[in-house]
Every structure is written in C-alpha cells, then in structure tokens.
Amino acid sequence: MSADNLIFEKSSLGARAATIRNPDVPVYAPSCALRENFDFPELTEVALVRHYTALSRMAFGVDNGFYPLGSCTMKYNPKLNEEIASFEGFTDIHPLAPEGSVQGALEVMYGLSEALKEITGMDAVTLQPAAGAHGEYTGLSIIAAYHKGRGDLARKKIIVPDSAHGTNPASAAMAGFEVINIPSDEGKGVDLDALRAAAGADTAALMLTNPTTLGLFEKNIEAIAEIVHSAGGLLYYDGANLNAVMGIVRPGDMGFDVVHLNLHKTFSTPHGGGGPGSGPVGCKRALEKYLPDPHVIKNADGTYSFAYSGDSIGKVSSFYGNFLVYLKAYAYILTLGAEGIRRSAEGAVLNANYLKAGISDLYPVEGGARHCMHEFVASCERLKEECGVSAMDVAKALIDRGMHPPTMYFPTIVHEALMFEPTETEDKATLDAAIEALRAVYDEAHADPEKLVSAPHNAVISRPDEVLAAKRQILRWKG
Amino acid sequence: MSDYIPVTEREREEMLAATGVKSVDELFADIPAGLRAGRLKLPAGLSQQEVYEKLKKTASLNRVYRSCMRGAGAYRHYIPSAVKAIASRSEFVTAYTPYQAEMSQGILRAMFEYQTYICLLTGMDVSNASLYNGATAAAEAALMTKERGRYKVFVTDNVRPDVLAVMKTYLAAKNMELVVLPAKDGLTDAEALGALLDGSAAAVYAERPNYFGLIEDFDAIGEAAHAAGAKFIGGCNPISLALLKTPADCGADIAVGEGQPLGMSLAFGGPYLGFIACKEKEVRKLPGRIVGETVDKNMRKAYVLTLQPREQHIKRERASSNICSNEALCALTATVYMGAMGKEGMREAASACTSYAHYAARKFRETGLELRYEGEFFHEFVTVAKGASDRILAALDERGILGGLRLSDDELLWCFTELNSKAEIDEATALIGGAL
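The listed protein sequences correspond, in order, to chains A and B.
Numbered per the numbering used here, the first sequence spans residues 1 to 479.
Numbered per the numbering used here, the second sequence spans residues 480 to 915.
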C-alpha cells in the first residue's frame, strides 16, 4: 500500500481498532429516522497508527526546525504547558458543572484575565474568542455596542491601513461596518493626512497593529490616537505583533481602547496545524459592560463565580472559549513572570535584528535603516530583476535547506516580500545557519536560477498546481 | 525564572555587535520614552517545577465526577488511546496553517480525510476544514443563506441556548433577523413554521437531536423551508449520525454541528470543533479553509488549500468569513477518532448511547420522575418532578455523580453515553427515589 493512499483506500472489511464495552442493558434502536447507508472505513489499530504516523512525517512543526513565518510568532511551545493541559482535573470537567466543583478552572480564567489586563494596560478582558480573527470580531462588536449605547448611531466606518492583516477588514465587515482603507505614507507608516481626511463623525474606530506589519514601531502613535479620539472614534489594537513589545510598552498606554491577543502566537500555545487558537479581548472601562457573557468574578470570600452583564453583546462562542488553550498561556505567563515577559520581547527583537543584519545586503529590507522590531520584510524585487528568481522561489529553496519559509507576499505594499520573524526561542547557531542558507540561495539564484525556479527538490512533493486544484474542485475522496 | 531564551550572554554581545548597537535598549529607540511601561505588576517567574506543582494543585480544585449524566452540548465519551497518541505528535501540534504545501502534505492529507469523513457522516457534498465550535458553525451557516430580500432565519426555542445566543450576535451585525418560535411538545412545529415563512425567509435552522434530546422530523422541516424558497440548515450530533438518517437525505442544504463528541474531552468547554458541510452549489459561500486535491509538477497527487478567493487574506472586507485560524488539531483528532472507531465502533457507540439513555429513562420513571416530552429521543431526555431538581442533584452529587442539567425547579436534562453503565444507572435510580 503506497504512502499516498488515503485511509479510505486502506479499509479492510471487518477490521477493528478501538473497541468499547458491550452495553449491559437491552439494546434500543430509535423508532424513527433510521439510517441505512452508514459506511466508514475499517482498519486495525496498527494500520491506523502507521497511516497517521506516516502523515506526521510529512508535516513540519516548530519541533522539527526553524520556522520564521512572519506575523505568526512561531516560538517554541513548552512541553510543560502541554502536560498541564492534560491534567484530568482540567480535561475531564463539564462546562455546565456546578460552579463549586470547578473553582480551579474559574481561578485560571480569573488569574489569566488579570495578567492580560496588566500586560495590555486594559481594564477588562474576555477569554471567549477562539482565535485572533474571532477576537477582532468580538472587539469590533463591542465598539459597535459602545457607540450605539451612547446614541451615536452614525459611526458605521472602520478605518484600516492598507498594510493591515486581511482579517481586519473581513472582521469589520462581519461586525456590520463599512471599511475605509487608507494608504501608507512614504515610510510605510500610517499617512497622517489621509487619516485626518478619513476620520470624522462616521468613524467608529481605526484598526492598527503596532509594530506594523513591516515590523516597525509606529512612531506617530500618539498623534494617530489624538486624531482618532478627537474625531470621536476609538482605537483598536490588533495584537498579532505584541511579542515585540510585551513588557516594554502597553497598548492601553499607547491610547488603544480595545485590543485582541493571539495566545497561540505571543503566549506560546501551539498552533496545531491551524488551530485551536485563543483570541482574548481587552478593553477600557467604558466598554467593559459590553464584553461577551459570562465573565469570572472573585467574591469576597475568595471563591469565584460567573457573572453576567445586562449590556453584553451576548455570546460569540459556546461556553467559555478554548479553555485548554488559554490554560497553556496561563502556565507560560506564570513561568515567565514580569521579567521573563520583557526579556522575551527583547530576545525576539534582538534575534530579528541579527537575522536582518545578516541578509539585508542581499535582500533589501523595507525601512531597513531603522531597527526592526520582532520581524522585518525583505524584498526579492532586485533579485527578480537580476536573475528572474522570485520571493516564492527563494521560499521554496529554503524548504530544501530544512527550514520553514518566511511569510510570502505579505504585506502587499512591498513587492516580492518575504517576512521573517525568528522569535526569541531560537539560538544563535540556528540564526547563523539561516543566514548562511539565505546567502547560499542568493548565490545559487545567480549561478543556477533554473534550479531555484523548480525548487523544492527534496520535499515530499514538488510545487503543486493550485490553479488545477481550484478548477477541478476535488474536495473529498470519492473512491 | 525560566524564559525559553536559548541565546547565551556571550552570544548576545556578539549579536548586538553584529547589529551595530551597544544594548538591546537601542533597538527600541523608536518607542517614545513617555509611553514606556514600568515593570509589569506581575509576580516574578517561577521554575517549571513550581508551575507544575501550582497548576496541579489548581486542577485538584476541580472535581472529576466518577459518573457523568450531563450533556447539553458537551459530551463525555470514550476516547481511544490511539487518538490521543496521534493527536499529540508534535509534527502536527507545533505546525502552522499549511501554507507551504510541500512541507505540509501530512496535515493537508489529514484535512482532506476529515472533509471526506464529514461528508460521509452528513451525506453532504463538501465540507470545510473546521470552524471554532458548533455554535459558530451554526451562525456562519446562517450568514451563508442571506440573499437579496431574504434576511430572516427561523429557529425553534428547542435548539441549544449557546447556539441561539451566538446566532443572535452574528446575525444582528449583518442586519439579519432571528425569528424564534415556541416548541410544541418539545419539537419544531413544522406546520406553524410553514405558515410563517415567506419571501423574506433566508433559512430555517433546526437540531436533531434537539436541546431536549428529541429526534426532530427533519424531512418535514426541510419541506417547509423549501416550500418558501428558504434554505434548511440541519444541526446534528455527529455520533447520532451513525444511526440516524443524514441531514442531506432529509433535504438539508447545509449541515453543521458540534464535533466535540468525536474524540475531544469535555475540557470545560473547549477547544471543540465546529463542522460545516453543504451541497455543491453552496461551496463558494462556504467559510474557512478548504483542502483540495491536485498534482505537483511531476504529476504526483498533492493536496493544497484551495478556493482561497473566498477568504479574508485575498478578499479582505468582501470575504465569505473573517476566519483564519480554525480548529485544525481538533479536526485531526476527530479524523483519527472516526478512523479508530470505524463503521462498527461508531454504530456501537451510538447504540450504547441510546440504549443506556432509554434504560435510564425507564428506570427513572419507576421512581416517580416523569418524562417531560413524549417524542422519540437519542441519548438525552428531560424529566419532571415538582420542585425536586435541587434535591435530586444534591443526592447524586454526594455520591460522585454529576446528574442531569437543571432546566428549572422541576426539570432536569439527562444524557447517557457508552461510558455509563447499568450499575451507575441503578445506583442513580435508588438515589433519585430516596430524594423524591
């Protein structure tokens, strides 16, 4: 049987893997709506385990090697946190169990919320959103409720810089807003004149990530906050890039009113091949009452309870969000403490600047004269002109050298962009190896561009035909 | 105390020199001095051992019940060891979304298998690669159905409260209206529903089993929806689908549900898994990641993320959804669970659920508890005993049994799965008898 075969092609009639206890009560079959066409593949346990072990060997995680995927903060995921999240006292508790029986879980929720308030400089936090984009949606819904609560019904527009993550405008649309895109200035920061022109009586909020998606700190942040606030709008912080500045500068102190965090980025919880994540939202006092229900309070006797707000936007998720994910983030924060959080940000910024210094002569970095924060955007535009090798080709060549490529073609305001984010959990030897690999690829691009254009050569597959995938639309196995 | 930073003091000096600065502080020169935070008011870091011990103690403050008779949206099932072993492999756990197909074939292939399994389970043509949970899946499905002039979504008040609450939040923002009808004998009143539906109806959403555990007549609800030109969204418990007719066979246009029963622990409510699948003609509106089959340059079979023009990173404010991260590892868990259980295992688990639930219902009735509804149920049912809810729960709690969910002073919502046993149910029966 080829490794290429799907599990559906490995079925063996009558084979069993897991087995369960025979019920010791009479068998009952429902009297209606019975199904006659149920069919799943049948495998032995050893066949099943070998199948998925083979698939795991065709995957690449942080544990496999360097993963400088910009904007994604692929830092090491501590094993301690994984083990804690497997404690039976956390995994085997029902979300609707009596409050008195889940005091430990409520303590985690309360303790983490308090820590995130301090880290972000906010007055209240909800842990309910299940991912970053879900946090954006939640934060923007709170902003909508805030304006509505003040009778300010004209504020229907969210201003988004053209360098923003795609989720920002998509979340704004889902929360019922109209999106106003504004261009970046020459330094690729927010264009203050464009912002002044856009901000007005219809502005609900400006969404911003700082450091920006170019990995540069938005120096004009105070002026930006002033423009938005004096127009009556609010300032929304996309926490995707918080890893650069946690413990150094707080969104709340920069003038932001609402913030979401990506615990699966900044706070080390693993990304699981695309989730589950966790996207807590923090806000200032004036918006607190609109946060999703319920939240956890600490009573005078030291016990914890769920509490509800009459003005809440309601629920954005079933139960209380991704508990086991934010539990891991809590363990991480307890481990790092105040100093460790700051040191991590410093380490992330140092590693990014070191990597940048090692390659920026060959791959020019946008805003390269300034120190970058936790990430930077290099351009392959010159390389492409010189030898026809694109950002995509460089990325694919890095696969052959055993590292995960950086983020490609984002932000779109930089041509042939490669966005590197090494994170603080990489050692110098790894960074040196990456620099060496990138320099070797540059040389190869000039010596043998054909080889790069057809890279990768050592991966499980060569480049897939994405156009064909969209055209054929084979989205499931059909036999 | 621990910070997971591997760069040594000496290397740090070398790196600073290579970067052209004397101190790390210089790298932060762009941050205005007036904005700088002082030392965070957080405790000092702890050693790994201390964190382990502290959270072990915190975990012990949560009570793990010896026996669980509560569901209501979160279900305790047997999780085969192979599922946990595979789903904790760090190649899967520590990977990002599979943007680089060449080094993510394992994850993409598993997702393609997941999509296939969800299609087999629901009878639908296309599944996405997961949403956050059952509640957001139902809400996203409702958003898919909005069309010019059609903006109302009809539900009965017998759907899970969390699903209703999340739908309400999501629909309000998109100027869609949620119309909630009263249940009749715990069930959707298809006739009354049909009379209300008109050209403004975008969809009807119903659950089978519903919040009270009852098996709704999906065929009748689907017919009512279609007669008015509206879509029918069927919410399903995935385990029940090993026994019950698929939503597709009942005419549903979109099937959604909470995938947690497929190998995920209760975990105080998350992470869970939202599944969503639809008919082929709806695929362009489907939210989230979708994996498709193609070939590589050497004509070898390959899998990639596809139909991306629906998504936020391409379409921005015109995307079908804002979802980026989903619940990939939970989808993988569900995939391995369905593989481990297989055709017979899935049927046996579903049969054990319904068998234990019906046995419990019969025994409980002998004590004087009454069933609130007469309709056929899957593995949950509601009992009534005047003013007795708290007494019953206290008597069970004392013996390590998490009883049914309290719906009112009189009503309890019970759930049974293959993890329960005759002995447990008999014991609970005696305790309930004593409490009444």
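Hint data in this document are derived by calculation from the structure and do not stem from the laboratory.
These numbers come from a predicted model, not from an experiment.
Be aware that one or more of the hints could be misleading.
For the chain A half of the interface with chain B, some residues (derived, Cβ under 7 Å), not all of them [claimed, not checked]:
id	residue
1	G89
2	D92
3	G302
4	F306
5	Y308
6	I313
7	H371
8	N458
9	A459
Cβ coordinates follow ideal geometry from the N, Cα and C atoms, glycine included.
Given D92(A) as an interface hint, is its Cβ closer than 7 Å to any Cβ of chain B?
Constraint on D92(A) satisfied, holds at 5 Å.
Per the CB criterion, is Y308(A) less than 7 Å away from chain B?
11 Å, violated
Against chain B, run the beta carbon of G89(A) and see if the smallest gap drops under 7 Å.
3 Å, holds
Under 7 Å is the threshold here; is the Cβ of I313(A) close enough to any Cβ of chain B for the hint to stand?
Holds. Min distance 6 Å.
Mind checking the CB of G302(A) against every CB in chain B and telling me if the closest is under 7 Å?
12 Å, violated
Interface restraint verdict for A459(A) against chain B (beta-carbon cut-off 7 Å)
Hint holds; A459(A) Cβ to chain B Cβ min 4 Å, cut 7 Å.
F306(A) as chain B interface residue, shortest Cβ-Cβ below 7 Å
12 Å, violated
Does H371(A) pass the interface check with chain B, least Cβ-Cβ distance below 7 Å?
Interface hint status for H371(A): holds (5 Å vs cutoff 7 Å).
Restraint outcome when N458(A) is required to lie within 7 Å of chain B by C-beta distance
9 Å, violated
The structure fails hints 3, 4, 5 and 8 (numbered hints given earlier, in ascending order).
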